[in-house]
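Chains Y and G, in that order, are what the protein sequence lines are.
Numbered according to the UniProt record's numbering, the first sequence spans residues 1 to 721.
Numbered according to the UniProt record's numbering, the second sequence spans residues 1 to 653.
Quick caveat, the hints were computed from the structure, so don't treat them as lab data.
The structure presented is a predicted model; accordingly, all values stated were derived computationally and were not measured.
Don't be surprised by glycine CBs; every beta carbon is placed ideally from N, CA and C.
Any given hint might turn out to be false.
[What the hints assert, rightly or not] Rough simulated footprint, nothing fancy, chain Y against chain G, three-plus residues with beta-carbon under 8 Å:
hint, segment
1, 117-123
2, 170-181
3, 535-544
4, 626-632
[Claimed, not checked] So the derived label-pair ranges between C-beta atoms look like this:
hint, chain 1, residue 1, chain 2, residue 2, range
5, G, GLY183, Y, ALA593, 29 to 35 Å
6, Y, GLU716, G, ASN185, 56 to 62 Å
7, Y, GLU396, G, THR260, 39 to 45 Å
8, G, THR330, Y, GLU30, 42 to 48 Å
9, Y, ALA223, G, ILE339, 38 to 44 Å
10, Y, ALA593, G, ASP138, 39 to 45 Å
11, Y, LEU86, G, ALA463, 26 to 32 Å
12, G, LYS416, Y, ARG319, 44 to 50 Å
13, Y, GLN358, G, THR260, 28 to 34 Å
If you want the building blocks of each chain, they are given just below.
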Amino acid sequence: MADKEATVYIVDVGMSMGERHHDRAVTDLEWAMQYVWDRITGTVATGRKTAMMGVIGLRTDTTSNELEDDVHFSHISVLSNIKQFLMPDIRKLEEELKPSRTNKGDAISAIILAIQMIITHCKKLKYRRKIVLITNGQGRMSDENLDEIVKRIKEDSIELVVMGTDFDDPEYGYREEDKDPRKAENETLLRTLVEDCDGVYGTFEQAVAELDVPRVKTIKSMASFKGYLQLGNPEEYDSAVRIPVERYYRTYVARPPTASSFVLRSEPGAGKEAESSDTAAAIKESQSADADALTSVRTMRMYQVEDKSAPGGKIDVERDDLAKGYEYGRTAVHISETDENITILETFAGLELMGFIQSDHYDRYMHMSNTSIIIAQRANDKAALALSSFIHALFELECYAVARLVMKENKPPAIVLLAPSIEPDYECLFEVQLPFAEDVRTYRFPPLEKVITVSGKVVTQHRNLPSDDLLDVMDKYVNSMELVDTDEDGNPVETFPIEDSYSPVLHRIDSAVRARAINPNQPIPPPSERLTKFSHPSEDLVQNSKEHLEKLIELADVKKVPPKAKGRKRTREPEKPLSGLDVDALLHQEKRAKISPNNSIPEFKQTLAQAENIEAIKDATKQMMVIVEDQIRHSLGDANYDRVIEELGTMRDELISFEEPASYNQFLGQVKDKLLQEKLGGDRRELWWLIRRNKLGLVVERESDQSKVTDAEAKEFMSAN
Amino acid sequence: MADENQYRGDDQIEEEEIDESGYKTVKDAVLFAIEVSDSMLTPRPSSDSKKSVEESPTTAALKCAYHLMQQRIISNPRDMIGVLLYGTQASKFYDEDENSRGDLSYPHCYLFTDLDVPSAQEVKTLRALAQNDGESEDVLKASEERVSMANVLFCANQIFTSKAPNFLSRRLFIVTDNDDPHGDNKSFRSAATVRAKDLYDLGVTIELFPISRPDHDFNTSKFYDDIIYKASPSDPDAPVYLQTDPKPSPATRDGISLLTTLLSSINSRSVPRRAHFSNMPLELGPDLKISVSGYLLFKREETARNSFIWLGGENPQIVKGVTTQIADDTARTIEKWEIKKAYKFGGDQVTFTPEEMKELRNFGDPVIRIIGFKPLSALPFWANVKHPFFIYPSEEDFVGSTRVFSALHQTLLRDKKAALVWFIARKNAGPVLGAMFAGEEKVDETDVQKFPPGMWIIPLPFADDVRQNPETALHVAPEPLIDQMRFIVQQLQLPKASYEPLKYPNPALQWHYRILQALALDEDLPEKPEDKTVPRYRQIDKRTGDYVLSWAEELEKQYANISALGPKSILVKRSAKDRPSEAEDAAQKPTKKVKVETNEQGVEDIVRAHYQKGALSKLTVPVLKDFLTSHGRSAVGKKADLVEHVEEYMERK
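Excised from the complex, chain Y in its bound form:
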């Protein structure tokens, strides 16, 4: 569990915060608020009840705080007490944080107030306490009683953060020219205060620049397995080794938050009446009418079994009348509740060594899963010692271990690979799952460095093989594109840039949700540059390799196939069997005059291939139409639908490649009319739905130059019910 948190933000809204400085397009307040909103929404997004915040407005027009009678505390307003922030709080704050018409108000007094708020709220409980002051440092600040303040902050272990617009920060390397003397004085004052309480002092230049660095959520790892690394069987042999170990994830894919489904309320009035007596709710409602008009979506499951005698071929069954079982092929195998575990392999938890392999005999692509680490049972020095000897032995012999991992009793075993990892301050085994026999798909592919012809001859010079020149320039290109990364200190980094790469989808959604929470009417922001840093090679590399790339392009001589030329039939050679026999000639002899319904697809294709004029194509299409309509008319339920879909799909593809899309479009129009008018054996709406789902609609301009149908027209055609 994360610790409880209490953070008070002090936001300077003085009149001068409404000014623009140093050619910035935004006012100081707007600039600073980018940072504040990022912090606040970041906390709200966690949804944690124990992450609480309070907000104090500094240099406000009015005064509203518990010490408001004291003149030192004028023009300071507590905008929100310490609590969990929710959407309405954000909206309220959004309204309130506007530049005021005064420059009066003392930042130091605001800090005292913030300390007071924290003390009242947190008492002596365990909290992470924090005060964040955001200011341009231009108001009057009194330096009375600073020691007392420092003492309190330290006593209560509050972290004090001061962020200023255009504050000098030698560490970051920022210095404001022609600084106002009072501001300089204030900066010194605040800096001393922060340093005295070991706080953080920063300038917005840096804070805003770092805003787009995504925040990686650290997750406290729990052991996914605690048990024994075993060699041999301790139940039977005295010579078995058992080392108590724990397993933790090393990698685990962080998923983006999932959206839930909502729909508009059907009767917006219904829900509201009950709440109208409650005025607080009414206010909330007016502000978030949009969200409140939504209601969540539930899924309902219905259960059906096939029953040939029932209308529609299916009957509904009740959930309570159902038993559990499995499918074996198309046979249902019922397993009674008492036999529930009958198909489960009996296993016992453990990590058992099966044997060892040479690390250079292992192919890295056999890694099947995310990875874990195995360490000795914590607080067990003997186990640590024992495991360490195992890790070092593997390392010295350049071996990996293959082991059988069962995480819990009766869980399926996995085969894992264990590799040693030795760092100066950490030793562990890395673990990854290996494939079983069933997980391997043996797809075969021809070799890449030679070509074997149909007759079995090996050819080394071929259009599919690179020439020596091409190989040579490829080598140069690869070298010129070598990634040399450096760490913060400028030392080269030898690994892939994992620490620097952030999950684009996760952080894009995260920031879009937060942006929309503050500004519901703004369009979603584009992804930040950090997220797309690795979407293209860097400018330097591109420049560096330009010369070789140009040469490579020249020698590669790659030609793009125009999209519409793909699969065009008229220009293509007819397909021939391996022997090269001219089957088309044989077909000619046979003279299939009519397309037979039971061999429609091949015969339609063949008729088109032999068609000498457009009439022949049109005639073939007409014949198909009769066949298809007949199949629909005589289909028992959906029995012939798949066949019809295949025929339509074939016709569509063929007529596009024979540049006769109009024939298909005309044909589909007729089918549609007849289907919807129930002229083909009753209600065939399901078939129409299938046609839509399989995207067998009108051929549009995009797909064929001969079609005049626009996308919009095609959509209109399909949407009509």
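Assemble the complex: chain Y is given as a structure, and chain G must be docked to it using the hints.
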């Protein structure tokens, strides 16, 4: 269960093979056409005189079909399989047989197993036929009259047309030893070639499994080269290699080796090659693109989830669940377009339109873009999150792709380099960074390809996906202890010092389907599962026993050294009151006993003693739990459950 499977749904959507052809169903149908003739039925004796098994080509083929049927029930439960015998004396085609009135449509064709997802009964009958049980005699009798190949092919055509319409992949496996069925009869020959062209145009691939006769090598040029087409019509990209490799099985007299060759040949083509993505641009640099297709050569096979069964009918029936979405307020049914997506934020919902939702995941069109190169050694062992993708060039979008890919492949292989790639696998799929490197072709002892040549893409974890190591105290083992352990490791190398996945079937998966099969076929349940993943304990003891003893001794010595210096572990362990502390435990331990258990010897003895006295319930829960976990048993539940578990364990011993 729920926690582990929580993302399974997501993964499945992600892994779904992409249907490139638009309107076709991504399913595979395989129809075996097995010739029944005198020579096919002649048993070939086993060369091994000890095994008196005789195998005829026909029964070998039937066994292969049976094997494939069983295998596909596990791996491709939606795919269809059928068995058509031809050249038989008997004829059967749906409701037609010799006793039907009128002419037979397909004389001497016997549709033994209709093309469908197999039922338990069909599995059983096919097995009976393959094993020559009883009635098979009648079916496996060769006809006097020659069967027309045109008829066989058209019969197959009709089966595919009616039973597997709109399938993306339809394949006819012909098993025969007759390389010239029609000799010089021109009209029969040309009729067959026309029917073969029909199949080709229908999208059916013919795969030939030729068997040589003892006195005659199978010669495909006599007849079959006119029947078989180069590229599969459903996969115009398939390199030539795939379709033309049926080497006739050697002219062997040996029935068993015939079976194994045939089996491995069929196994290698058991799954139709489905691309995970096809014709994807691989961008080597600005303005240089080639096209590649991607495949999943490794994918975790899981047991199917259990389903609801309806017992109200004659036979148990699988229940189909239909989900409808309803509004929470009025319970009315909702159309898909009405649904808005919203994220929970600060107790409220932040909504986005469907277009915006799409846009949030849109980082551009699918692409594999090379960002730069690194030495392969820069890819850490742990940098992995899922199975790899395999890519191979295609000429479909860019002519010349293959030669460029080949040049890159050769360069990366030689220089041991990997490319960093920005990889978007599908439209609207989130981008990942990947390490792309070259894989060499690997062949087995008989020169059959095991792993193809091509490029592999390993998706890398993002910073968000990397977990921190938990704190723990470091104890580096001193040299003498490592030396002892080294001896142990050296004794237990796996064959060829490498991992061979095909040697290890998934025991849980196999057991699951083995039991289901027994239940479905009403057979006796098998007693003991075959589990190749269980280590060979006897061998381990024999080979390493002595080394383990000296290692254990050394460990005691070294441990005594460090405990003398005081405990180093900073973590305080919560231990049960009555459990001996670590140091005590180590001291107590009898040195003769060499189970190198580092802490629970005391617990072991205590529990055993209490069990014998029948006083287990006097022990505390932590002790019981410790005992159970140390034996790999689940330690959840109330005290009574724990006691029961311990008793179960003791009784089994």
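We went through each hint and held it up to the structure:
1. 117-123: Our answer is that it holds, as 7 residues pass the Cβ test (under 8 Å) against chain Y, meeting three.
2. 170-181: violated (count 0)
3. 535-544: holds (count 5)
4. 626-632: holds (count 4)
5. G:GLY183 <-> Y:ALA593: 29 to 35 Å: holds (30 Å)
6. Y:GLU716 <-> G:ASN185: 56 to 62 Å: holds (58 Å)
7. Y:GLU396 <-> G:THR260: 39 to 45 Å: holds (41 Å)
8. G:THR330 <-> Y:GLU30: 42 to 48 Å: holds (44 Å)
9. Y:ALA223 <-> G:ILE339: 38 to 44 Å: holds (40 Å)
10. Y:ALA593 <-> G:ASP138: 39 to 45 Å: holds (41 Å)
11. Y:LEU86 <-> G:ALA463: 26 to 32 Å: Because 30 Å falls inside the window, the suggested range holds.
12. G:LYS416 <-> Y:ARG319: 44 to 50 Å: Check failed, 58 Å falls outside 44 to 50 Å.
13. Y:GLN358 <-> G:THR260: 28 to 34 Å: holds (29 Å)
In summary, the structure is inconsistent with hints 2 and 12 from the numbered list given earlier, while agreeing with the others.
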